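With these hints in hand, go ahead and build the complete structure from the sequences.
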Amino acid sequence: MEFTTAQIAALLGGKVKGDPNGKIRMLAKIQDAKPGQIAFLANPKYEQFIYTTQATAVIVSDQFEPKKEITPSLIIVKDPYSSFTVLLEEYHKMLNFQKSGVEEPSHVGEGTVIGTNIYRGAYSYVGNQVRIGDNVKIYPNVFIGDRVVIGDNTILHAGVKIYAGTRVGSNVTIHAGTVLGSDGFGFAPQADGTYKTIPQLGHVVIEDNVSIGANTVIDCATMMGDQTIIRKGVKLDNLIQIAHNVEIGKNTVIAAQTGVSGSTRVGENCIIAGQVGIGGHIEIADRTSLGGQVGITSSVTEPGQQFFGTPPLRLKEFFRSFALFKKLPELNNRVRELEKLQQGSSGAVQKD
Amino acid sequence: MEFTTAQIAALLGGKVKGDPNGKIRMLAKIQDAKPGQIAFLANPKYEQFIYTTQATAVIVSDQFEPKKEITPSLIIVKDPYSSFTVLLEEYHKMLNFQKSGVEEPSHVGEGTVIGTNIYRGAYSYVGNQVRIGDNVKIYPNVFIGDRVVIGDNTILHAGVKIYAGTRVGSNVTIHAGTVLGSDGFGFAPQADGTYKTIPQLGHVVIEDNVSIGANTVIDCATMMGDQTIIRKGVKLDNLIQIAHNVEIGKNTVIAAQTGVSGSTRVGENCIIAGQVGIGGHIEIADRTSLGGQVGITSSVTEPGQQFFGTPPLRLKEFFRSFALFKKLPELNNRVRELEKLQQGSSGAVQKD
Amino acid sequence: MEFTTAQIAALLGGKVKGDPNGKIRMLAKIQDAKPGQIAFLANPKYEQFIYTTQATAVIVSDQFEPKKEITPSLIIVKDPYSSFTVLLEEYHKMLNFQKSGVEEPSHVGEGTVIGTNIYRGAYSYVGNQVRIGDNVKIYPNVFIGDRVVIGDNTILHAGVKIYAGTRVGSNVTIHAGTVLGSDGFGFAPQADGTYKTIPQLGHVVIEDNVSIGANTVIDCATMMGDQTIIRKGVKLDNLIQIAHNVEIGKNTVIAAQTGVSGSTRVGENCIIAGQVGIGGHIEIADRTSLGGQVGITSSVTEPGQQFFGTPPLRLKEFFRSFALFKKLPELNNRVRELEKLQQGSSGAVQKD
Numbered sequence: 001m002e003f004t005t006a007q008i009a010a011l012l013g014g015k016v017k018g019d020p021n022g023k024i025r026m027l028a029k030i031q032d033a034k035p036g037q038i039a040f041l042a043n044p045k046y047e048q049f050i051y052t053t054q055a056t057a058v059i060v061s062d063q064f065e066p067k068k069e070i071t072p073s074l075i076i077v078k079d080p081y082s083s084f085t086v087l088l089e090e091y092h093k094m095l096n097f098q099k100s101g102v103e104e105p106s107h108v109g110e111g112t113v114i115g116t117n118i119y120r121g122a123y124s125y126v127g128n129q130v131r132i133g134d135n136v137k138i139y140p141n142v143f144i145g146d147r148v149v150i151g152d153n154t155i156l157h158a159g160v161k162i163y164a165g166t167r168v169g170s171n172v173t174i175h176a177g178t179v180l181g182s183d184g185f186g187f188a189p190q191a192d193g194t195y196k197t198i199p200q201l202g203h204v205v206i207e208d209n210v211s212i213g214a215n216t217v218i219d220c221a222t223m224m225g226d227q228t229i230i231r232k233g234v235k236l237d238n239l240i241q242i243a244h245n246v247e248i249g250k251n252t253v254i255a256a257q258t259g260v261s262g263s264t265r266v267g268e269n270c271i272i273a274g275q276v277g278i279g280g281h282i283e284i285a286d287r288t289s290l291g292g293q294v295g296i297t298s299s300v301t302e303p304g305q306q307f308f309g310t311p312p313l314r315l316k317e318f319f320r321s322f323a324l325f326k327k328l329p330e331l332n333n334r335v336r337e338l339e340k341l342q343q344g345s346s347g348a349v350q351k352d
Numbered sequence: 001m002e003f004t005t006a007q008i009a010a011l012l013g014g015k016v017k018g019d020p021n022g023k024i025r026m027l028a029k030i031q032d033a034k035p036g037q038i039a040f041l042a043n044p045k046y047e048q049f050i051y052t053t054q055a056t057a058v059i060v061s062d063q064f065e066p067k068k069e070i071t072p073s074l075i076i077v078k079d080p081y082s083s084f085t086v087l088l089e090e091y092h093k094m095l096n097f098q099k100s101g102v103e104e105p106s107h108v109g110e111g112t113v114i115g116t117n118i119y120r121g122a123y124s125y126v127g128n129q130v131r132i133g134d135n136v137k138i139y140p141n142v143f144i145g146d147r148v149v150i151g152d153n154t155i156l157h158a159g160v161k162i163y164a165g166t167r168v169g170s171n172v173t174i175h176a177g178t179v180l181g182s183d184g185f186g187f188a189p190q191a192d193g194t195y196k197t198i199p200q201l202g203h204v205v206i207e208d209n210v211s212i213g214a215n216t217v218i219d220c221a222t223m224m225g226d227q228t229i230i231r232k233g234v235k236l237d238n239l240i241q242i243a244h245n246v247e248i249g250k251n252t253v254i255a256a257q258t259g260v261s262g263s264t265r266v267g268e269n270c271i272i273a274g275q276v277g278i279g280g281h282i283e284i285a286d287r288t289s290l291g292g293q294v295g296i297t298s299s300v301t302e303p304g305q306q307f308f309g310t311p312p313l314r315l316k317e318f319f320r321s322f323a324l325f326k327k328l329p330e331l332n333n334r335v336r337e338l339e340k341l342q343q344g345s346s347g348a349v350q351k352d
Numbered sequence: 001m002e003f004t005t006a007q008i009a010a011l012l013g014g015k016v017k018g019d020p021n022g023k024i025r026m027l028a029k030i031q032d033a034k035p036g037q038i039a040f041l042a043n044p045k046y047e048q049f050i051y052t053t054q055a056t057a058v059i060v061s062d063q064f065e066p067k068k069e070i071t072p073s074l075i076i077v078k079d080p081y082s083s084f085t086v087l088l089e090e091y092h093k094m095l096n097f098q099k100s101g102v103e104e105p106s107h108v109g110e111g112t113v114i115g116t117n118i119y120r121g122a123y124s125y126v127g128n129q130v131r132i133g134d135n136v137k138i139y140p141n142v143f144i145g146d147r148v149v150i151g152d153n154t155i156l157h158a159g160v161k162i163y164a165g166t167r168v169g170s171n172v173t174i175h176a177g178t179v180l181g182s183d184g185f186g187f188a189p190q191a192d193g194t195y196k197t198i199p200q201l202g203h204v205v206i207e208d209n210v211s212i213g214a215n216t217v218i219d220c221a222t223m224m225g226d227q228t229i230i231r232k233g234v235k236l237d238n239l240i241q242i243a244h245n246v247e248i249g250k251n252t253v254i255a256a257q258t259g260v261s262g263s264t265r266v267g268e269n270c271i272i273a274g275q276v277g278i279g280g281h282i283e284i285a286d287r288t289s290l291g292g293q294v295g296i297t298s299s300v301t302e303p304g305q306q307f308f309g310t311p312p313l314r315l316k317e318f319f320r321s322f323a324l325f326k327k328l329p330e331l332n333n334r335v336r337e338l339e340k341l342q343q344g345s346s347g348a349v350q351k352d
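Chains as they are written, first to last, in my numbering: chain A, 1 to 352; chain B, 1 to 352; chain C, 1 to 352.
The list cannot tell twin chains apart, which means a pair is met if one copy fits it or any two copies do.
The list that follows gives simulated cross-link-like pairs (lysine-lysine, BS3-like), each with its CA atoms no further than 25 angstroms apart:
no.: 1; residue 1: Lys196; residue 2: Lys99
no.: 2; residue 1: Lys196; residue 2: Lys232
no.: 3; residue 1: Lys23; residue 2: Lys68
no.: 4; residue 1: Lys340; residue 2: Lys327
Just so you know, these hints were derived from the structure itself, not from any lab. Computed from a predicted structure; not experimentally measured.
See the structure below:
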């Protein structure tokens with residue numbers, strides 16, 4: 001794909017200064033850009049590079065006044081950084097959406113209905129009675145079990161596995177190797193020390209605009225008709241564990257390697273760092289913020305609070321206590337000193 | 001699949017009151033049930049729903065005396081909850097075991113022997129000299145390396161990868177994306193700061209009745225002839241790491257994201273929570289209970305103890321100390337107060 | 001494969017005592033070895049077994065003087081342990097490298113160039129414009145996206161997924177289910193509480209001699225032209241998370257389930273234990289050693305230090321403070337005792 005400087009200026013609503021017919025094939029940083037590439041200048045710190053860059057075009061602010069001669073064409077806009085972001089997104093879409101058509105062999109079961117403008121990669125498997133929307137990309141080696149429903153514009157990267165009965169919304173991205181709908185971890189202890197498997201018959205629901213990283217696992221709910229739910233706009237990173245019957249509230253963001261135990265409800269717009277552990281049957285209030293490796297052992301009822309540690313303390317409390325944890329040897333010495341003085345004085349008293 | 005109320009009553013050893021010919025296709029909770037579904041009433045709290053439910057049939061106790069008129073047929077049994085569990089299991093079996101036959105393309109190597117009543121999904125790969133028992137379900141995109149042995153009734157979900165030489169028992173369930181038999185993490189430091197790979201030539205053995213979650217990894221043992229062993233009845237959750245030469249004792253249950261380091265032996269009937277880390281070359285006594293995120297740095301010799309924290313303390317000890325960790329600023333102030341008084345009094349003495 | 005005792009002796013530069021024509025098919029421990037197998041004796045503790053072993057041959061030191069009659073042939077070398085390691089490696093190579101040729105169906109895209117002596121397993125997928133070196137092993141169900149570059153002698157185990165544009169060096173081993181090049185976790189908060197995806201356009205670079213375990217995830221860098229880099233000789237274990245724009249320095253070793261957050265640089269020759277969490281935009285000095293479950297919240301500037309805890313303390317400091325954490329109830333009692341005495345004495349003064 002190749003665009004002219006004028007075409008890109010039109011896309012960004014900017015003006016061209018210089019050659020409008022320069023051919024642009026790629027984006028780059030101003031200090032690295034080569035002919036055929038476009039860069040941007042927003043931060044004055046980088047101004048030096050505009051006088052030496054080999055870029056075919058540079059996006060600049062309408063406030064920018066060159067101090068020396070400039071080789072590349074300029075595209076003049078209000079906010080160069082935002083404009084560049086727009087280009088990045090367009091480029092990304094192109095990369096993602098260039099895949100289309102059906103590669104063979106790939107499996108489609110009976111009674112399955114698939115929308116238009118689909119990519120189905122080689123060795124992908126779509127089971128029976130599945131419904132798939134329009135513009136969906138199914139990369140190679142993806143497995144989609146029976147009766148799964150998938151909305152429009154959703155992207156399933158290589159090797160994603162979706163168990164039977166799962167429902168995935170529109171505009172969802174799921175990265176490679178992630179598993180949706182595996183059995184919840186439910187076993188009933190028996191008198192002889194063994195465990196009996198509790199059948200896991202519920203499902204997983206992923207609402208619209210959710211992103212899920214790579215090699216994450218979301219278990220199905222236990223009872224038939226129940227659901228593990230990831231609400232609209234949630235962003236989950238890699239290697240996360242979401243147990244059976246969990247609900248993650250709208251627009252909550254969870255970083256890598258965090259685990260949420262069974263039947264817990266996490267509120268909306270929470271920010272949860274990496275390697276956090278949240279116990280089972282807990283409620284986390286909206287806008288809660290949890291630091292890395294925090295371990296949550298009971299419900300958080302007040303919204304908008306920050307926590308640290310295992311068990312968790314309010315951020316300030318934690319660091320106040322932790323500052324003294326570091327000084328425990330000193331505190332211990334101070335107590336010992338007092339004890340000595342005390343003994344000395346009481347000894348003195350007794351001597352008297 | 002469809003059953004009559006009378007057929008289900010026969011399966012449960014119960015009596016029908018009402019229409020024995022109602023058609024039932026699914027199970028549901030009494031408050032949600034629709035025509036064509038069966039529910040149960042065990043907890044009196046839910047009795048209200050039996051008077052309004054649209055269920056075709058409800059399983060009730062022989063002690064149940066309706067206070068109003070009831071629409072659905074009743075199936076009268078001794079213990080409605082247990083009876084419903086039996087139905088759940090039957091339904092689950094049906095779901096799991098309805099898959100059968102061979103989907104093409106799927107690969108079977110040379111010298112491989114496969115039992116009867118098998119499901120082999122599309123794009124599954126079975127290597128050379130493999131032995132697979134009866135009633136085994138191999139979902140799409142599963143990889144089974146050379147010389148693997150798999151017992152009867154075992155289920156390998158989509159994308160499971162089993163390295164050459166692994167032995168898996170009967171009645172084992174392994175969820176999607178799990179890896180058995182990858183190389184143990186062994187590297188010998190060299191004088192120049194690089195590491196030399198120590199060849200990992202042992203195997204993994206999974207005994208009967210084990211369940212393993214999704215995207216878990218179990219490494220092979222180091223020396224030829226040695227084994228990483230998961231004993232009978234063990235239940236492992238998702239995203240667990242089991243290193244080379246580990247042994248997990250009978251009926252031990254381990255929650256998600258826990259890691260067990262090389263050459264460690266975990267006893268029988270232990271209960272290990274999520275995100276626990278267990279160091280290498282350690283012994284954990286039988287019936288040990290470890291809380292979430294515990295870090296075990298040395299052997300646990302007394303059976304049946306509970307631990308919390310990193311390094312771990314007995315549960316009570318931990319919470320006694322942690323209660324004071326929270327109050328460290330206060331304790332610090334109290335010591336400072338004593339120091340002031342002490343200085344005051346000795347100061348007073350000196351003034352005298 | 002089968003070798004004679006003489007052939008193995010020649011490989012090891014050793015001398016045969018006994019039958020040079022014994023047929024050897026496998027390696028074993030001296031206490032377990034059976035006919036057709038070769039063992040070694042290095043540790044005098046195991047000498048007893050050489051008099052009873054059924055091994056066809058045993059590798060012994062040139063210092064070894066048998067005290068009784070011996071059945072197996074001997075291969076006499078300088079250092080039996082090293083010699084055995086050489087055999088282990090040869091055997092391992094044989095196992096790994098016996099796979100060759102192309103299994104069908106397997107996918108190769110347009111404009112892709114593949115070297116000689118390749119194994120491409122069934123259902124493996126190689127995209128467009130890919131370059132693959134010589135002696136590469138691509139196991140079944142591997143996915144390699146467009147424009148990926150892979151060096152010589154690299155092994156990709158079953159189900160590895162490599163996103164478009166990733167560069168993998170020579171002599172790299174990647175275990176089953178690992179994902180390279182998934183999107184970095186970048187989302188810009190919007191005024192309405194939702195998040196907008198920041199396109200992730202950079203790449204992943206894996207240098208030569210790197211080993212990566214199973215189900216690990218390495219995200220691509222954010223900006224086009226930027227890279228997440230794993231330097232020469234790095235060893236990564238299973239289920240590790242490496243975020244966007246991270247750099248892991250040469251010969252650093254990281255154990256399972258550890259996570260490194262975005263834009264962090266880990267130095268060379270570090271040793272990082274399991275379940276460690278390292279925050280974003282941090283620098284870790286060379287030769288840093290981090291204990292299990294450590295949480296790093298700020299840069300480590302001094303090389304060669306050891307840390308423990310979250311937030312981390314120097315190893316000694318941590319254990320000094322932790323020893324007193326355990327005794328906090330006692331310390332609390334000692335302060336209470338002092339307070340009582342103080343009150344008593346000041347009370348006494350007032351009474352006076």
